[in-house]
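Peer 1: Each chain, written out:
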Amino acid sequence: MRLPVLPALVRVRGRSMVPTYRDGDVLLVVRGLRPRAGRAHVVRLPPTADGTPRPVAVKRVTGPDPDDPSRWWLDSDNPAEGVTSFDVGSVTGDDVLAVVAGRLWRTLG
Amino acid sequence: MLSLFRITEVSAHCDLPCGVYDPAQARIEAESIKAIIAKVADNDDPDFRTRAILIKEQRSELVKHHLWVLWTDYFKAPHFEKYPQLHTLFNEATKLAGASGTKGELDAAKADELLAKIDEIAAIFAETKKA
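Taken in sequence, the protein lines are chains S and C.
If you're matching positions, the first sequence starts at 0 in numbering that gives the first Met the number 0 and goes up one per residue.
If you're matching positions, the second sequence starts at 0 in numbering that gives the first Met the number 0 and goes up one per residue.
No lab work stands behind these hints, which were simulated from the structure alone.
Just so we're clear, the structure is a prediction, and the values are computed from it rather than from any experiment.
One thing to keep in mind: the hints can contain errors.
As the list claims (entries may be wrong) - List of simulated lysine to any residue pairs, SDA-like, C-alpha gap at most 20 Å:
1. K75(C) / P52(S)
2. K128(C) / P46(S)
3. K129(C) / D44(C)
The task is simple: from the sequences and hints, build the whole structure.
Peer 2: In structure tokens, the structure reads:
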């Protein structure tokens with residue numbers, strides 16, 4: 000399903016996208032665009048094995064899943080921390096909700 | 000959900016919420032400690048003993064680490080309500096893996112006590128998984 004191209008605001012929680020984005024950063028994101036390899040996106044992570052949902056997250060879409068080019072591979076920018084496709088597998092295009100256009104606000108400190 | 004008029008929180012979390020927890024991790028390290036204590040008892044080579052003691056201390060740290068992960072990440076407030084002995088069990092178990100326990104001593108009895116405590120925690124863990 001193709002959504003209209005619409006901007007939206009999100010706030011980052013956590014450290015997995017350090018150094019690019021820090022906890023508290025406010026990002027402008029755009030819905031309705033095709034995922035772009037190499038850019039950060041807002042994604043719906045797959046649920047855990049026992050069905051517990053994971054939160055909507057900001058992750059980098061590195062490119063198509065090598066095993067299934069119709070799916071997208073996710074990574075965190077912080078190699079030490081964060082959920083990635085190595086942990087949870089790749090996601091479908093529908094789970095990539097928006098592309099990050101840029102950072103609007105960062106709190107001091 | 001995503002909107003220009005409302006800031007939605009998106010997770011970039013450090014903790015891996017994979018939900019994979021198992022007291023077996025702590026048990027394996029504790030079994031290793033027990034085996035190391037037995038090997039040291041049968042060996043007079045100072046180099047071997049030094050290595051064994053170093054490894055025993057590392058394994059003891061790992062026991063504490065795995066138990067703390069269960070304590071802080073797996074068990075939630077309702078568990079502590081239902082099993083009020085949990086806090087004390089974790090405290091005693093991690094103490095048994097510490098300087099006054101398997102980390103600092105070469106006492107097989109301490110390793111057995113530690114294994115027994117881990118089993119008590121594992122029994123509660125298994126009950127919470129059934130629920």
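Peer 1: Each hint should be assessed against the structure and marked as holding or not.
Peer 2: Okay, the hints, checked on the actual structure:
1. K75(C) / P52(S): holds, 17 Å
2. K128(C) / P46(S): Judged against 20 Å, a Cα distance of about 18 Å means the pair holds.
3. K129(C) / D44(C): Distance of about 48 Å is beyond 20 Å: violated.
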